[in-house]
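**Q** Below, each chain spelled out in residue letters.
Protein chains: 2
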Amino acid sequence: MIQACREAGRPFFVLALEGQADHGAFDGVPHAWCRIGAAAKGEKILREFDPQEMVFVGKVRRPSLKEIRPDWRALKFMVKATARALGDDGLLRAIIREVEAEGVKVVGPHELVKGLLAAEGLYGSVKPDRQARIDIARGMEAAKEIGKLDIGQAAVVQQGIVLGLEAIEGTDALVARAGALQRKGPGGVLVKAPKPRQERRIDLPGVGVDTVEAVAKAGLRGIAVEAGGALIIDRAKVAARADALGVFVVGVPRASAKP
Amino acid sequence: MIQACREAGRPFFVLALEGQADHGAFDGVPHAWCRIGAAAKGEKILREFDPQEMVFVGKVRRPSLKEIRPDWRALKFMVKATARALGDDGLLRAIIREVEAEGVKVVGPHELVKGLLAAEGLYGSVKPDRQARIDIARGMEAAKEIGKLDIGQAAVVQQGIVLGLEAIEGTDALVARAGALQRKGPGGVLVKAPKPRQERRIDLPGVGVDTVEAVAKAGLRGIAVEAGGALIIDRAKVAARADALGVFVVGVPRASAKP
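Chains as they are written, first to last, in my numbering: chain A, 225 to 483; chain B, 225 to 483.
The hints are simulated quantities; they were obtained by calculation from the structure and are not laboratory data. A couple of the hints might just be wrong.
One copy or two, either will do: identical chains are not told apart, so a pair holds if it fits within one copy or between any two.
Here are the simulated DSS-like cross-link-like pairs (lysine-lysine), alpha carbons at most 27 Å apart as the crow flies [what the hints assert, rightly or not]:
#1 K338 with K290
#2 K461 with K441
#3 K290 with K408
#4 K265 with K408
#5 K300 with K283
#6 K300 with K408
#7 K290 with K441
#8 K268 with K283
#9 K300 with K265
#10 K338 with K268
#11 K461 with K329
#12 K300 with K441
#13 K290 with K351
#14 K408 with K283
Based on the sequences and whatever the hints tell you, model everything.
**A** So, in C-alpha cells, the structure goes:
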C-alpha cells in the first residue's frame, strides 16, 4: 500500500495500531503509533495530517474490553456502537461511519492497488478437478452462512464433508487443523468468501503467498475465493508459489457457486 | 442402554462397529462385531436376532470411502443414498430408512432410558449470569445455522464473540481450541443444539461428565443445550461434577433462545 502511494506520488501517513502491527514495520515512512482504545489520540493525529481518504490494511486481533482501556473518545464511540457491534462487521461499519463523519472518505485497499481484487479464473496452472469443484461449492455455501452471522469467512471441505469452519482463530489455524482431520482420498479445499452483507472497503478475505504455503503444508489441494469478493496479495507471486507447490488458486464467480 | 434393557427385562443384542466401539466393551453381553462396509453381514446378524426395535448409540467417526470397503449390500445402499448423503444427517436418515424397510423400528436412546433427554432448567447449582445468557443466545443461533447445513452442532461463544464452530473435529477438540482463544474477562460458554431438521432418533447432541470436565479444563464457564434437543448422559453425575468444578449446565427452551 505504501509502495502504491509512493508510485502514484500520493502523500500518505500511517496510523499504526500498538500491539497489532509489527514493531519497526514503518521505519522510514511517516507514521505514528496509537493504542486501539486511544481514539482521542488517533483523532488528533488524523486531524493534523488532515487526509482526504483513509484505507484500513491488515489484521486486527480483536481485543477484550479490558485490553482496549478506552479513553473518553473511544468510550463515546463504544456506547454508540455497542448495541450492534457483536461481530467484526458491525464494529467495522461503525468505525467507518465514525471516520467518515470526520469528513474522511474510507476507501478499499483494492481501490489503491490495481489487481488486488480477486478475478475470475485460475491463478497459476493447477486446475481443480470435479471433486474439488463440488467441495468448492459446498465450502462457499458454508463460508457464506457463517459470514451471514458475522462469525468467519472461511471453510475447509474434503469429499463433500466440511472439515472445519473459521471463527476467531483465523485462517492459518483453520487450515492446519482441517488438514490434520483429512481422510484418505482426494484432499480438501480452502474456500474464502466475503460475508453476504460485507462492507467491501474493509476486511475482505485475503489470500497471499503465506496462505498458499499453509494450504500446501496442510496437505490441502487448493484455494478458492469469490471473484470480486477477496484480495489476492501479489498475484504473480501467489501464482508462482501455487505452481511450485502443486496447489490450485481459483476465483469463482458468485453466480456459479453451484458445481 | 444395556443396563436399561436388563432392568426392563428386554432381550437385546449389540451390533458393534469395528474400529468405532471399544474392544472388549461388550464382554458378557450378547453381541457381534461388524465392519461399517459389511452391510450384508450386519443384515444377516440382524435377521438372526430378528429385533422389533433398534437404537443407535455412540459416536461414529465418519470413515473415508476407502476405509468403508463396501460389500455388495453396502454398495447398493450407497448408490441409493449417495446423492443426498453429503452430511451426517442425510446419511443417517438413509440408514434409518434402510433399517425400517426391513421391518425394524428405529427408536431414540431417550425412548429407552428415562431422563436422558435434556430438560429445561439448571443441572447443578451454578447459574449463568447475564453475559452468559447473551452468549448462550448467540451460540444457539450459530449452532442452529451450521446445523442447518448439516456441518456441526456446537459453538463456543465468549462476550458475544463466537470463538469456535464445530465441524468434523468434534466437541472436545472445539472446546480445547476455543478455550485457548479466550480473551480476558468473563469466560466462554459451550452451546450444543440439534439441527433444525434433526432426525431426533439418532445423533442428538450429547453432554456427559466428560463434556463438563472438558469445559472446566478449557476455562469455559458452562454448557447450554436445547431442552428436548440434547441428551444428558447420567444427569445426577453431570450435575454433581458441574457443581464440583463450578461450571453451569443448563437446558434452555427453544423459544427463549433470545436473552
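**Q** If a hint holds in the structure, say so; if it doesn't, say that too.
**A** Now the hints, each set against the structure:
In the homo-oligomer, the alpha carbons of K338 and K290 never lie at most 27 Å apart, since the shortest distance is 39 Å inside one protomer and 46 Å across protomers. For a Cα distance limit of 27 Å, the shortest separation of K461 from K441 inside one copy, 17 Å, qualifies, whereas the shortest one across copies, 43 Å, does not. Within a single copy, K290 and K408 get their C-alpha atoms only as close as 45 Å, which misses the 27 Å cut-off; across copies the closest is 7 Å, which meets it. Taking the shortest Cα distances, K265 and K408 sit within 27 Å of each other only across copies (24 Å), while inside one copy they are farther apart (54 Å).
Taking CA atoms no more than 27 Å apart as the test, K300 paired with K283 passes inside one copy only; the shortest distance there is 24 Å, against 50 Å between copies. Taking the closest pair of Cα atoms, K300 and K408 come within 27 Å of each other only across two copies (22 Å); inside a single copy the shortest separation is 54 Å, beyond that limit. Taking the shortest alpha-carbon separations for K290 and K441, only the inter-copy value of 23 Å comes in at or below 27 Å, while the best intra-copy value is 36 Å. Taking identical chains as interchangeable, the C-alpha atoms of K268 and K283 lie at most 27 Å apart only when both belong to the same chain, with a minimum of 23 Å there against 58 Å between chains.
Proximity of K300 and K265 under a CA criterion of 27 Å is satisfied intra-copy only: 14 Å inside one chain copy versus 69 Å between copies. In this assembly of identical chains, the alpha carbons of K338 and K268 never lie at most 27 Å apart, being 31 Å within a copy and 66 Å across copies at closest. For a Cα distance limit of 27 Å, the shortest separation of K461 from K329 qualifies neither inside one copy, at 31 Å, nor across copies, at 59 Å. Neither within a single protomer nor between protomers do K300 and K441 lie at most 27 Å apart by alpha-carbon distance, with minima of 45 Å and 37 Å respectively.
Within a single copy, K290 and K351 get their C-alpha atoms only as close as 47 Å, which misses the 27 Å cut-off; across copies the closest is 24 Å, which meets it. In this assembly of identical chains, K408 and K283 lie within 27 Å of each other by CA distance solely across copies; the values are 20 Å between and 34 Å within a copy.
Of the numbered hints listed earlier, those contradicted by the structure are 1, 10, 11 and 12.
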